[in-house]
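Those protein sequences? They're chains R and G, same order as listed. Number 215 in the numbering used here belongs to position 215 of the first sequence; there are no gaps in the numbering. Number 1007 in the numbering used here belongs to position 7 of the second sequence; there are no gaps in the numbering.
Among the clues, some could well be false.
[Stated by the list, open to error] Derived lysine to any residue pairs resembling SDA-like cross-links, with alpha carbons at most 20 Å apart:
1) G:1105 to R:162
2) G:1105 to R:166
3) G:1080 to R:159
4) G:1252 to G:1226
5) G:1105 to R:73
6) G:1105 to R:34
7) G:1105 to R:78
8) G:1111 to R:167
9) G:1111 to R:165
10) G:1111 to R:157
11) G:1105 to R:161
12) G:1105 to R:150
13) G:1080 to R:165
14) G:1105 to R:157
15) G:1105 to R:178
16) G:1105 to R:163
17) G:1105 to R:113
18) G:1105 to R:159
[What the hints assert, rightly or not] A few chain G positions that, by computed beta-carbon distances, are all more than 10 Å from chain R:
19) 1089
20) 1173
21) 1240
[Unchecked claim] From the structure, some residues in chain R lie toward chain G, with a derived Cβ separation under 8 Å:
22) 148
23) 157
24) 158
The set of hints was computed from the structure by calculation and includes no laboratory data. Ideal placement from N, C-alpha and C gives every residue a C-beta, glycine not left out.
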Amino acid sequence: MRRHERLIVAAVVLGLFALWEALVRAGRLDASLAPAPSTVVESLIRLAGRPEVRASLGVTAWEVLAAFLVALPVGLLLGFLLAEVPLLGSLFRPLVNFLFGVPKSIFLPVFILVFGVSIPQKIAFGVFTTVFVLITGGIAAVQSVPRELITVSRVYGASRGQIIREIYLPAMAPILLESARLAMVFNITAVLLCEIYGARDGIGYRIAAWGENLQMPQLYAALVIVAAAAVAVNEALRAVESRLGAWRQRT
Amino acid sequence: MTRALVAIRGVSQRFGADGADVVALDSIDLEIPDGQFVAVVGPSGCGKSTLLSLVAGLRLPSSGTVLCDGEPITAPMPRKVGMIFQEANLLPWLSAVDNVAFPLKLRRVAKAERLLAARRMLELTGLAGFEDRLPHQLSGGMKQRVAIARGLVQNPAVLLMDEPFASLDEQTRMVLGDELLRIWSETRKTVLFVTHSLNEAVYLADRVVVLSARPGRVVDDVSVDLPRPRSFAMTGGERFGALKDRIWQHIKSAERR
């Protein structure tokens, strides 16, 4: 975006918040439904200072990270296998496609039965949700490798290892990072959903409690925290992605 | 007599299992002396490209042998054979100079040394100053020049070219044809050049091998007795026309069948 476009966007967003604030103050907007931005900010500052809220954020962050670190290698390796081994591909790809489209929350009770209401349960559910994105991404990444480049490398005497290092990895990198980014979005959503559904700690657990008590300022403050964290992770991965994928840009 | 650098002896290539065999090439015999520029033409699907991939060591013939410098080709021989394809097939994430240096990298040549060699090749192919461009920043003709530089960087004795100019526009194709002749006269490689274009074949080559429709057999082996250096004016000449006509008769009768 160009500079003046950024300014316009910022002005519009600020204007909307100002309008919201004004409407609440004028009594035209129900503060119990949509508390004024100033109230939300106030609540945000208060919550951020509370040790138990910070501890909950820590728990959620740990669950999200652990699920991601498990799902990433598992999902991508499964994706590579399904793409490179034709028999496995024709056997399991329909299943993967089927499960990819199903709302995973249907399976939440299963995870509670197996793991109890626990941190491993959140991690397992995060992995379960994320892994399909990564399998699909892994398959797409392998299929994006141009066959001709493999032929070229063979003509120039590349070994199997060299073909993987010099062709497969760089060719797949942009799609792999893109899938990792998408997977992270699914992962955060899954862990939060899991915590809201039933938990003993974690920011999702707090959100559920605030929601039940209709504590709207806290709820919106939590929303801001979660959204900020998700956007930060997303943008960080996108930055890496666009650096490694600069060669894809057509100019 | 100059010795044959590439020898193709009794080579046949069949494809497909379960009885539905397709014979792509049928008992091909060709002896190509060192330094000769040979064009291979023939109707579409006559196995021209298959012939090149046999010399490249990308596949083994169903029967017969292919020799390079007296040695049977059973696998790619990157130090003896360079190959250029219809598409430049550059690695899109590498700059021009890194693409040219790629075959040397595969052989673990030290970085400084391989970049030096690559720069020299880019200079030879007229791309000095474009070393750091990425493939998507180059035109089609420039990409193909990079591919030629990559094919030459290991100083192979043989250069295989599989319709290298087919996806370029006519003007670029003519310019690159002249460039190729200049590079060839400076380096004296043995060139095996597959093309659809009779003009290109007669203009560039010392010798045009004509293959028949499937199964591909050698139906004619035409010696191009036009003087070098070749010039555009020759393409309108009587001799040029006669050679082209002789080749065209084979292709026409093959396509009609």
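Status of the hints after comparison with the structure:
Restraint check for residue 1105 of chain G and residue 162 of chain R: the C-alpha separation of about 10 Å stays at or below 20 Å, so the hint holds. Among the hinted pairs, residue 1105 of chain G with residue 166 of chain R is consistent with the structure: their alpha-carbon atoms are about 10 Å apart, no more than 20 Å. With a C-alpha separation of about 17 Å, the suggested pair residue 1080 of chain G and residue 159 of chain R falls inside the 20 Å cut-off, and the hint holds. A hinted pair counts as satisfied when its Cα atoms are at most 20 Å apart, and residue 1252 of chain G with residue 1226 of chain G does not qualify at roughly 24 Å.
Pair hint residue 1105 of chain G plus residue 73 of chain R does not hold up; C-alpha atoms about 29 Å apart against a cutoff of 20 Å. Between residue 1105 of chain G and residue 34 of chain R the alpha-carbon distance is near 62 Å, which puts this suggested pair outside the 20 Å criterion. For the suggested pair residue 1105 of chain G and residue 78 of chain R, the alpha carbons sit about 31 Å apart, so the restraint of at most 20 Å is broken. The hinted pair formed by residue 1111 of chain G and residue 167 of chain R meets the criterion: a straight-line CA distance of about 18 Å does not exceed 20 Å.
Pair hint residue 1111 of chain G plus residue 165 of chain R holds up; C-alpha atoms about 17 Å apart against a cutoff of 20 Å. For a cut-off of 20 Å, the pair hint linking residue 1111 of chain G to residue 157 of chain R stands: about 18 Å separates their Cα positions. The straight-line distance between the Cα atoms of residue 1105 of chain G and residue 161 of chain R is roughly 13 Å, inside the 20 Å bound, and the hint therefore holds. Distance restraint check for residue 1105 of chain G and residue 150 of chain R: the Cα-Cα separation of roughly 15 Å lies within the 20 Å cut-off, and the hinted pair is therefore satisfied.
Our distance criterion of 20 Å between C-alpha atoms is broken by residue 1080 of chain G and residue 165 of chain R, whose separation comes to about 24 Å. Between residue 1105 of chain G and residue 157 of chain R, the direct Cα distance comes to roughly 10 Å. Compliance with the 20 Å bound is thereby established for this hinted pair. A threshold of 20 Å between alpha carbons decides the hint, and for residue 1105 of chain G with residue 178 of chain R the separation of about 29 Å lies outside it, so the pair is violated. A hinted pair counts as satisfied when its Cα atoms are at most 20 Å apart, and residue 1105 of chain G with residue 163 of chain R qualifies at roughly 12 Å.
Distance check on the hinted pair: residue 1105 of chain G and residue 113 of chain R sit about 55 Å apart at the alpha-carbon level, beyond 20 Å; violated. The suggested pairing of residue 1105 of chain G with residue 159 of chain R holds, with an alpha-carbon distance near 12 Å, which does not exceed 20 Å. Listed as outside the interface, residue 1089 of chain G is inconsistent with that label: its C-beta sits roughly 5 Å from the nearest C-beta of chain R, within the 10 Å cut-off. The beta carbon of residue 1173 of chain G sits about 20 Å from the closest Cβ of chain R, which is more than 10 Å, so the claim that it is off the interface holds.
At roughly 33 Å from the closest C-beta of chain R, the C-beta of residue 1240 of chain G stays outside 10 Å, upholding its exclusion from the interface. For residue 148 of chain R, the shortest C-beta to C-beta distance to chain G is roughly 5 Å, which falls under 8 Å, so the interface hint holds. The criterion of a C-beta within 8 Å of any C-beta in chain G is met by residue 157 of chain R, whose closest approach is roughly 4 Å, and the hint holds. Because the closest C-beta pair between residue 158 of chain R and chain G is about 5 Å apart, less than 8 Å, the hint holds.
Hint check: violations occur at hints 4, 5, 6, 7, 13, 15, 17 and 19; the rest are consistent with the structure.
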